[in-house]
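Chains as they are written, first to last, in this note's numbering: chain A, 1 to 52; chain B, 1001 to 1242; chain C, 2001 to 2218; chain D, 3001 to 3218; chain E, 4001 to 4218; chain F, 5001 to 5218.
Hints listed in this document are in silico derivations from the structure and should not be mistaken for laboratory results.
Please note that the accuracy of each hint is not assured.
What the hints assert, rightly or not - As a list, the in silico SDA-like pairs of lysine to any residue whose alpha-carbon atoms are at most 20 Å apart: (1) F:Lys5127 x F:Thr5178; (2) F:Lys5127 x D:His3072; (3) A:Lys7 x B:Thr1119; (4) B:Lys1010 x A:Leu41; (5) E:Lys4127 x C:Gly2075.
Note that the structure is a prediction, hence the values are computed from the model and not measured.
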Amino acid sequence: MMPELGKYAATVLSAYGISLVLLAGLIAFSLWRSVRVRRALAEQEARMQRHD
Amino acid sequence: MSIWEYANPKRFMQTSGALLPWVSIAAVILTVAGLVWGFFFTPDDYRQGSTVKIIYLHVPSAMMAINIWIMMLVTSIIWLVRRHHVSALAAKAAAPIGLTMTLIALVTGAFWGQPMWGTWWAWDPRLTAFLILFLFYLGYIALWEAIESPDGAADLTSILCIVGSVFALLSRYAVLFWNQGLHQGASLSMDKREHVADVFWLPLLVSIAGFVLGFVALMLLRTRTEIRSRRLRALEARERMS
Amino acid sequence: MIALLLRDLRLSVRSGGGFGLGLAFFLLVATLVPFGVGAEAAVLSRIASGILWVGALLACLLSLDRIFALDHEDGSLDLLATAPIPLEGVAAVKAAAHWIVTGLPLTLIAPVLGVLLSLPGAGYAPLVLSLLLGTPALSAIGTFGAALTVGVRRGGLLMSLLVLPLYVPTLIFGAEVARRGAAGLDNSTALLMLGGITAGTMALLPFASAAAIRAGLR
Amino acid sequence: MIALLLRDLRLSVRSGGGFGLGLAFFLLVATLVPFGVGAEAAVLSRIASGILWVGALLACLLSLDRIFALDHEDGSLDLLATAPIPLEGVAAVKAAAHWIVTGLPLTLIAPVLGVLLSLPGAGYAPLVLSLLLGTPALSAIGTFGAALTVGVRRGGLLMSLLVLPLYVPTLIFGAEVARRGAAGLDNSTALLMLGGITAGTMALLPFASAAAIRAGLR
Amino acid sequence: MTGKPDLLSLNALAVARGGVPVLEGVSFNLSAGDLLILRGPNGIGKTTLLRTIAGLQAPLAGRVSCVPEAIAYAAHADGLKSTLTVAENLRFWAAIHGTAGIDAALEGMNLTALAGRMAANLSAGQKRRLGLARLLVTGRPVWALDEPTVSLDRASVALFGRAVAAHLAQGGAAVIATHVDLGLDDAQVLDLAPFRAFSPAEGGRSTAFEGDFGGAFL
Amino acid sequence: MTGKPDLLSLNALAVARGGVPVLEGVSFNLSAGDLLILRGPNGIGKTTLLRTIAGLQAPLAGRVSCVPEAIAYAAHADGLKSTLTVAENLRFWAAIHGTAGIDAALEGMNLTALAGRMAANLSAGQKRRLGLARLLVTGRPVWALDEPTVSLDRASVALFGRAVAAHLAQGGAAVIATHVDLGLDDAQVLDLAPFRAFSPAEGGRSTAFEGDFGGAFL
Ligand code: HEM
Ligand SMILES: Nc1ncnc2c1ncn2[C@@H]1O[C@H](COP(=O)(O)OP(=O)(O)OP(=O)(O)O)[C@@H](O)[C@H]1O
Ligand SMILES: Nc1ncnc2c1ncn2[C@@H]1O[C@H](COP(=O)(O)OP(=O)(O)OP(=O)(O)O)[C@@H](O)[C@H]1O
Ligand SMILES: [Mg+2]
Ligand SMILES: [Mg+2]
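Could you put together the complete structure from these sequences and hints?
Printed below as a string of structure tokens:
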């Protein structure tokens, strides 16, 4: 399955590895923040509903 | 209905909410397809060996890094002229994506440069201009973070984005005078298409499309988050007042 | 406007900070580098003009936060914004005052520091010329950076981050003029570009600075 | 004391200024120098470790004013001075926090910037070693300088002036370690000296800093 | 307020601070000789309103209309330079506003004896008097003053009252936010409490995000 | 003031600010349960006196005697970190003073509902309440407070009064400088006006240079 990368294997694999980690990090961070803000907003709205 | 209607946050939330899943799915499919195709099912280049596979990451991310800044320029101008909040928040949401793209392009380029040019880094015009772009992203994000008032931050970052664009362009062309480059010219343009053989070209196109859609999906997601957090701040402030 | 310029100059002389400290920093950078890279004259003379340009740039950078911060803290900036002179004029005057207090003395003292760094004889004239032509751009760009970060708490380092990429083109061509001049090569292209950058920034950036101040006062 | 350290670290993470900006400045200095001196790899690799040392020193220097100024402005310093922990301990903790936030990240990122400056392969280990050993001294000395200028309006540049001469020995030996290491020469003497300076400053300067703070609060 | 042309008129003004509406529906007109006192508890929005009148921030809704450059604003901060003398400070503002002498202003605020004193060596009350003397050299018809009598003693408050009366008699107008009694007889008083902005749920205006989605985005 | 041991006693104290004596001959004793209110016009030297009592500056003459580390000082500034939450701020000071929980202090100053809020997002009065809550976690017997009720509303002033009363009932003491009425019944009041330092010409004490020197250097 794995293609033959020859003597550049380390180079290519680390380039792919680091890039995918960076992408995954960005996506994970965006999702995490989205969930957090969404929850905080819901809480806040619920609280203010009660007060009004 | 005018296009400006979408600058209405509620409208934007509705539309983007409906769009987001489809764009995300398409982005994942295209990116994975492009990268898998490129990584597993293309031959090695006769000169570059297997390092040519880096192209499927390097070129899309480098293109996106530049295009995202241009998109931020457009939304910043829209904010300054028409004061649509979604526009400013979209620019804010896009910046970290641009920063990541810049980092990916820098890292993959450096890994590619090591075998090809025998050095990780060279002070080549294109590379130099790109590094400056990286710094602009950093400064732009830091300025957003530093200012408390949201509208003030939107104003100031927009001004920075416009002035920065001029300088980003300037340094891109200015460095041409500075010394000669190692880096590839524009090998993707139509008239020079033969520079990249079709076997590499097609998966590259798919991968580029995937990156573009991935950017759109992330941007929608992040803009939605920014709008929500903006509303959250307004509610908190309101609560504090009463 | 003249009144504003005179006041700013008087203030920087009186406060004992303006002139002296920017210069002192330049001097210190120029003296530290030989400690850092070692004292071989051959190496030093090769990098002298570049280091001096970087040093001048950093000295400018560090004095930028005085441009608007003091006026903002004591409320003068609000009053200037409501005064019958355009804010663009205020920004331009502030940049001019900063240049007179920082850029000009740096230019004048640079030859002395050139001696410390074994600058070759042919290098002095191009160095001074390039600084004279380039430092006004540094002041204009720096004023813009200072305007962006007016009112930001501890904006100093943030401002450095914003301003440095903007400084790069000026630095490239300024140092190029000085270096090619020192090596006896033709430097007219770089000189033209440097002049162009200076003229452009001086003409356009005051407008951007004024817009930034207006946004920052909100 | 642990509480103080944790608070300072938390503050510098939260304020978004501590970590990021010091690093950014280091990055900027390292990128500017090639623009200044030209991009020839031969020249750059010769001066790389020295420039990185000077850059690290300047990055430390510029973040010094955060050490006490913020606590002084909001009154925390007065309260710490009356709290049941010795002021010497406060000074030592402040220096440690500054090192963790500035010196340590600088040390860790230095190899990356080495690439930008074409540092030769043999130079990385000695560079990191020398920074690891030397930056604590920079933080300790810097804390002393910050303590001396607490409460002086716009003390930033004044503090630079006071601190830079004190930094010179550290710079000389630190850069020497890195440079001789990169050239494959024996650097054990310089290493010893560097270690001695660091140990000495860390042991003694907190007392001087505490005395300076006490005098400054008057 | 009849017959005479309006010097300043506010029409259903709404103002916001930090993105949150604080006051709405404020309307009034001032013509020559009118004095309006703004009252209201801390944090109601007096400073915000005065800054909007002075043109330092944009209204959220409604309009401020006045002759251009008619407003002289005095804020909590005085905008004095501590290293300039009293006369130099005043002369600078006179030059900026293009008015003639400063002697009348010095006289009017009982500063003649102090004219040569550095502003840094003034007491708080004397500083405040100098800040108010600045109003006399602007030559502008409408004064917008934010707590002008803070830290003034009884005699100086009376002096200030006479200065306001003289200004009104010469066809000027003034709007003054204050918590204390200024001893000025024919002043109208506007209590801002009824104008506090309501939350959208209570039927108030929404901020930045207007229109039918206001509820969703405040 | 009889029988019980003194917690704090001042003996013919003279204090100076900026090198100029402001008060002299101040004496009093406080024992458990005593409350002393300091009064006097602005600038008489209340802040200076309290700083001397807290040990932040040395007396010019006379003595302050108290058990070591007995004094909790609260100044004009609150020493709050705006990026930490209410609970984090308090917990830090509790850790520094080695006291246990912060719940009682939160309760006592009506801050429980705000415990998770960033200090930056507090109103001025809430900030002040947090600053006063800090006193409760110091666990020290003598409070030296400088205008503690600034920007507090009526209800909070009463809350503060109860906190002081509780502190006194537990055997503590307090010396409070204030311009307003705190509603605390059994307080002794000390007007500082009679203790104003005279210039040497009027027979007062000379500053730094004592004795026969003094006249020559004033
Ligand atoms: C750190 C090093 C590098 C950086 C910062 C970098 C940066 C860039 C940038 C900014 C672009 C332009 C994208 C656009 O204009 O849309 C690009 C494109 C490209 N790069 Fe690199 N690059 C680096 C190293 C390399 C290396 C070592 C190679 C191959 C040997 C390479 C091959 C390419 C190719 C083939 C393109 C597409 C050219 C085009 O069609 O415009 N790059 N790179
Ligand atoms: N920089 C700021 N950011 C966010 N909100 C602010 C800011 N400054 C003030 N506010 C809030 O805006 C409201 C109006 O403030 P403003 O200063 O106008 O009040 P004021 O009536 O002048 O009060 P005072 O009598 O204390 O001067 C207050 O509730 C305050 O908490
Ligand atoms: N930093 C300083 N340098 C020199 N003199 C000062 C300084 N601070 C205050 N003074 C002077 O010292 C005297 C005493 O000041 P202090 O702050 O103790 O007064 P205070 O009684 O606390 O006044 P307030 O009621 O306004 O707080 C004043 O006359 C003041 O002008
Ligand atoms: Mg106010
Ligand atoms: Mg006081």
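How the hints compare with the structure:
no.: 1; hint: F:Lys5127 x F:Thr5178; in the structure: holds (18 Å)
no.: 2; hint: F:Lys5127 x D:His3072; in the structure: holds (18 Å)
no.: 3; hint: A:Lys7 x B:Thr1119; in the structure: holds (17 Å)
no.: 4; hint: B:Lys1010 x A:Leu41; in the structure: holds (15 Å)
no.: 5; hint: E:Lys4127 x C:Gly2075; in the structure: holds (13 Å)
No hint from the list above goes unmet by this structure.
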